[in-house]
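**Q** Here are the chains, one letter per residue:
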Amino acid sequence: MSKEIKSFTCPYCGESHAAAEDLKGHVFKSHKGRGLPAPEGRIKLTINKSEYEFHVKPNWTLYYLVHDKLGLTGSKQFCDRGACGSCAMIVDGRPVLSCMMLAIECGGRNVETVEGIAADGHPLIECYVKNHAMQCGYCTPGFVVSSKALLDSNPDPTEEEIVEALSGNLCRCSTYPQHPIAVREAAGMLKAAKK
Amino acid sequence: MSKHPENQTERMWEMFDNLNADKYPLKEYKHIGQRGPRRLDGLAKATGQADYTMDVQLPGMLYMRFLASPYPHAKILKMDTSRAARLPGVRCILRYDDPELPESENFGKVAGFFGNDRPLDGVAHFEGQPMGAAIAADSEDIAEEALSLLDIEWEERPFNLDPVAAADPKAPLSYPERYIDGNYWNRGAYEDKAHGDVKKGFAEADKVIEFKINRTANTWVGPERPCGVWKWNGDQAEIWLKHQRPHMAKRHISGWFGGSIPMNKIQLHMPFQGASFGGWVQVDWNLAPLYLAAVVSKRTKRPVKYILNRREDFFGGSMDEGVYFVKVGFKNDGLITAVDATLYHVNAIWPVFSTVLHLYDNTRIPHLKGQTKSIWCNKGPTVPTRCEMLPCVLTQTMVFDRVAAELGMDPIEVALKNDGADGHDMEWLNQQKKERGFEVRDSLKECIDKGKAAIKWDEKWHKPGAKKLPNGRLHGMAFTWAHEWDDSLGGGEIALRIERNDGSATILGMRCDNGVDAENSYCQIVADELGYPLEMVNYNPRFDPGFFTMTPDSSTNMSVNGFAVRHAARIVKQKILESATSPTAVTQRGGYQPAFPNLKPEELDIKDGAIYVIADPTRQMPMADFVRIAGESGPLATDENLGVRTAWSEPLFAYAFQPQHGGYNPHNPRPRLCRQAHFMEIEVDTETGEIFVTRVVNANDVGKVINRMSCEGQQYGGSIMGVSRAKLEEIVHDPVTGVMLNGNLLDYKIATMKDLGPIDTILVETGMGYGPYGLTGIGEDIGTVVPGLVPLAVYNATGKWIEEMPVTPDKVLKALGRE
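From first to last, the protein sequence lines are chains A and B.
Just so we're aligned, residue 1 is where the first sequence starts under our numbering, counting upward by one.
Just so we're aligned, residue 1 is where the second sequence starts under our numbering, counting upward by one.
Worth flagging that the hints you see were computed from the coordinates, not collected in a lab.
Please note: incorrect hints may appear among the correct ones.
Stated by the list, open to error - The calculated SDA-like cross-link candidates involving lysine to any residue, where the alpha carbons are at most 20 Å apart (straight line), are:
| hint | chain 1 | residue 1 | chain 2 | residue 2 |
| --- | --- | --- | --- | --- |
| 1 | A | 69 | B | 89 |
| 2 | B | 811 | B | 732 |
| 3 | A | 69 | B | 140 |
| 4 | B | 754 | A | 181 |
| 5 | B | 434 | B | 424 |
| 6 | A | 69 | B | 58 |
| 7 | B | 433 | B | 765 |
| 8 | A | 69 | B | 52 |
| 9 | B | 754 | A | 160 |
| 10 | A | 69 | B | 60 |
| 11 | B | 600 | B | 619 |
Could you build all of it, start to finish, from the sequences and the hints given here?
**A** Spelled out as structure tokens, the structure:
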């Protein structure tokens with residue numbers, strides 16, 4: 001015995017309708033001229049200023065998509081999940097743990113990774129190198145990303161603000177004292193460049 | 001110009017003599033000791049381009065995961081893999097009873113830790129032990145899911161977690177397959193032979209005290225987890241591996257499968273290492289999975305990658321876990337007469353040192369006895385993490401500060417009173433310095449004076465529990481000391497090549513980059529020895545040129561490889577100067593004019609990358625021009641008949657090596673001369689028990705600084721790791737089930753940027769190291785010595801000893817009677 005269909009959902013906006021004819025009328029009225037809605041799992045997003053389109057599985061994280069599928073391996077997996085900041089990326093201007101964000105949530109979003117920050121010639125890169133703000137280097141890209149997100153929102157951070165912003169990034173070599181130095185220096189360079 | 005004895009071999013043997021002061025220092029240092037240099041690996045690491053084994057992806061690669069034992073001690077009675085095998089995407093299942101898997105294989109074991117012989121055991125001796133089955137699938141998720149579909153019948157066994165209880169003869173056996181007489185490992189017992197007579201020493205004492213320290217389990221937390229990739233190219237193996245000792249790994253691999261893969265058919269990639277603090281590579285952690293990857297790769301004809309997850313990386317710990325019982329006798333003036341210490345050491349992979357070793361190495365204490373009892377518990381192996389000296393320095397720190405506390409003395413005074421070596425006083429040690437050609441300096445006093453000034457010790461130190469701050473917290477200060485060490489593991493071989501075309505210098509050596517920037521230090525040595533700008537020297541250790549170069553172990557980066565690279569540089573320089581005065585290049589019919597005709601090699605030198613005439617420095621030739629003439633045709637055949645003036649020349653290349661002398665045992669042929677002193681200032685909140693470390697001062701006599709920022713990195717890095725270990729880090733097991741409760745980085749805390757105040761890094765240079773230019777090592781010791789400061793500082797703040805580490809707020813509150 002076939003199951004009775006009680007409601008008809010609009011694939012564009014999710015509105016419910018009691019009958020198929022009602023839904024049809026609604027689509028013609030409200031969404032006329034639009035292409036077919038994207039199939040499930042299809043997302044378009046911007047990564048480091050380039051447009052990408054992927055068909056993602058529901059369990060893929062943003063980290064997995066960028067690191068394993070796209071091959072941008074600068075983001076690192078240190079803690080395994082949600083504790084270390086090494087996989088940090090900037091999504092729509094905010095630093096996020098890419099291991100804790102599902103790729104499927106990223107449709108239409110703007111993602112920035114360490115590779116993009118480096119490609120833009122951001123002074124943080126040189127300041128990190130110059131000040132030895134790294135040892136084994138595994139967590140370094142995560143720090144660079146968190147620092148970039150900080151400087152985007154606060155171009156002249158105090159040492160305390162830098163420590164606060166980077167306290168979610170773990171470094172087992174314990175290079176911590178060098179990061180505020182590098183970030184302050186980069187802030188100074190950005191300021192000088194604006195003048 | 002440095003002098004070059006005619007007989008190279010003779011000079012090389014002189015350099016092997018690292019039991020005495022360096023006879024061949026440079027007169028001037030241009031790059032050595034400078035701030036900087038720019039990190040060779042910096043750009044790759046800051047931009048995310050640096051490659052690590054975890055990042056490797058190959059076409060068609062399979063992902064392998066392992067069954068982790070759910071019990072602390074259990075045997076697999078039956079295993080049915082059929083449900084797992086039916087899961088789509090599963091490509092291969094290896095079982096513990098697979099006939100192809102050997103009963104015994106070499107995975108880098110040092111002393112036969114349990115589970116070490118078999119690549120896949122059917123018995124688990126700790127919860128989480130990789131064992132039973134390995135499953136390779138199209139993705140990690142599929143492999144993981146397939147593991148959950150294994151149907152297993154287990155025999156659960158009784159288990160031990162506490163070392164003192166496990167040492168009781170009535171305790172259940174932790175590892176009955178190998179140790180049937182008890183949980184005490186005879187091979188693991190280490191008892192120092194007679195050094196005086198402790199009974200006599202205690203009889204001579206004015207006072208005798210006894211105390212206990214319980215150091216609970218803690219671990220390394222390497223950011224990149226153990227991982228590897230195996231790919232067969234016909235009968236040749238191509239491997240990517242996270243491993244601190246690539247040459248040792250390669251040697252072990254060549255012995256596998258009946259020794260069927262010769263060394264020259266193993267292509268071992270050595271990507272950057274996501275931190276490696278030593279010892280975990282000595283257990284089968286990484287090589288047994290790699291072996292299984294090789295078997296699966298052969299069966300599936302696909303590359304196979306494995307990564308242990310974060311929790312699996314927790315099953316193994318630092319080799320200071322255990323319970324320490326210490327007895328100390330001393331005079332009323334602070335002179336220590338005897339120490340007798342016993343450590344019940346948990347699962348130590350090579351417990352070959354007694355816990356009083358540092359008291360031998362850098363004190364005059366005449367009567368010492370120490371022993372470690374290696375006890376098997378059903379937890380993972382413990383290995384040297386940063387350094388195996390952890391128990392020894394913890395004991396030393398506690399001994400000195402307990403004595404100072406008992407006498408109401410400044411611990412610094414007690415340290416200076418007992419400084420010495422091998423049971424002898426400073427007079428004896430100063431005579432040793434003199435006889436070995438060193439300038440006689442008081443290393444400990446120099447470190448203390450600088451450290452004291454930095455932390456304002458004289459102004460701030462007070463009697464225990466005597467200072468309350470305006471913010472209501474108690475104020476505490478602590479001091480400890482040790483010798484500076486570079487120990488005797490291994491030798492090093494390194495080669496140096498002057499490149500064709502531009503004359504740049506390339507260092508060749510097989511090792512790994514684990515972040516300490518030692519590669520730059522070698523470049524600094526080559527630059528100063530060759531007379532090159534630093535930018536003309538490079539060392540990329542991430543490929544295998546075959547020279548077994550000492551790894552970061554034992555703080556011997558510089559004391560071994562520093563000699564080897566210096567020697568290679570000096571030989572190459574001599575070759576350059578000789579060839580500059582010989583025909584520059586050969587053709588089929590003769591030779592080119594010498595670059596510097598009618599001169600002898602000793603009349604030339606090199607500066608800023610150009611050869612010049614000493615008597616007339618305006619006569620010079622850049623190295624690039626010199627080598628270009630000699631080899632501009634490259635490897636193409638020379639043919640003057642075609643009218644092309646082409647030439648060929650001998651490569652400018654040298655290799656050198658340095659075997660290490662010395663060692664850490666009571667009979668060390670090199671008495672310890674350099675010292676280190678560390679200071680800490682804390683505040684204790686008496687309401688919450690929280691400890692705030694507000695300042696740390698490190699004063700290290702490294703003999704001679706090569707790479708200043710690298711040394712400082714080891715100081716602040718070691719201090720933070722040390723405080724983290726002492727304040728935060730503890731692996732907790734459920735006493736009822738034996739299951740680890742906090743194998744992740746949310747529940748197991750490591751220090752963040754907010755956990756420590758400023759760290760002062762002071763480098764003292766007495767030149768009393770046995771390495772080149774008078775240097776000694778620094779990599780291991782700060783993270784090893786600093787943890788002991790935390791309980792001392794808490795004592796100074798509160799007047800209460802806390803005998804268990806880590807010193808957590810609950811223990812502080814308990815000590816203050818505020819539970």
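**Q** Each hint should be assessed against the structure and marked as holding or not.
**A** Hint check:
Of the supplied pair hints, the one linking residue 69 of chain A and residue 89 of chain B holds, its CA atoms being roughly 18 Å apart against a limit of 20 Å. For the hint linking residue 811 of chain B to residue 732 of chain B, the alpha-carbon distance of about 15 Å falls within 20 Å, and the restraint holds. The straight-line distance between the Cα atoms of residue 69 of chain A and residue 140 of chain B is roughly 14 Å, inside the 20 Å bound, and the hint therefore holds. At roughly 15 Å between alpha-carbon atoms, residue 754 of chain B and residue 181 of chain A fall within 20 Å of each other, so this suggested pair holds.
Among the hinted pairs, residue 434 of chain B with residue 424 of chain B is consistent with the structure: their alpha-carbon atoms are about 15 Å apart, no more than 20 Å. The suggested pairing of residue 69 of chain A with residue 58 of chain B holds, with an alpha-carbon distance near 12 Å, which does not exceed 20 Å. Under the criterion of a C-alpha separation no larger than 20 Å, the hint pairing residue 433 of chain B with residue 765 of chain B is consistent with the structure, at around 15 Å. Using a Cα cut-off of 20 Å, the hinted pair residue 69 of chain A and residue 52 of chain B holds, with the two alpha carbons roughly 17 Å apart.
For a cut-off of 20 Å, the pair hint linking residue 754 of chain B to residue 160 of chain A stands: about 9 Å separates their Cα positions. Restraint check for residue 69 of chain A and residue 60 of chain B: satisfied, since their Cα atoms lie roughly 14 Å apart, inside the 20 Å limit. Simply put, residue 600 of chain B and residue 619 of chain B have alpha-carbon atoms about 14 Å apart, close enough for the 20 Å limit, and the pair holds.
Going through the hint list in order, the structure satisfies each hint without exception.
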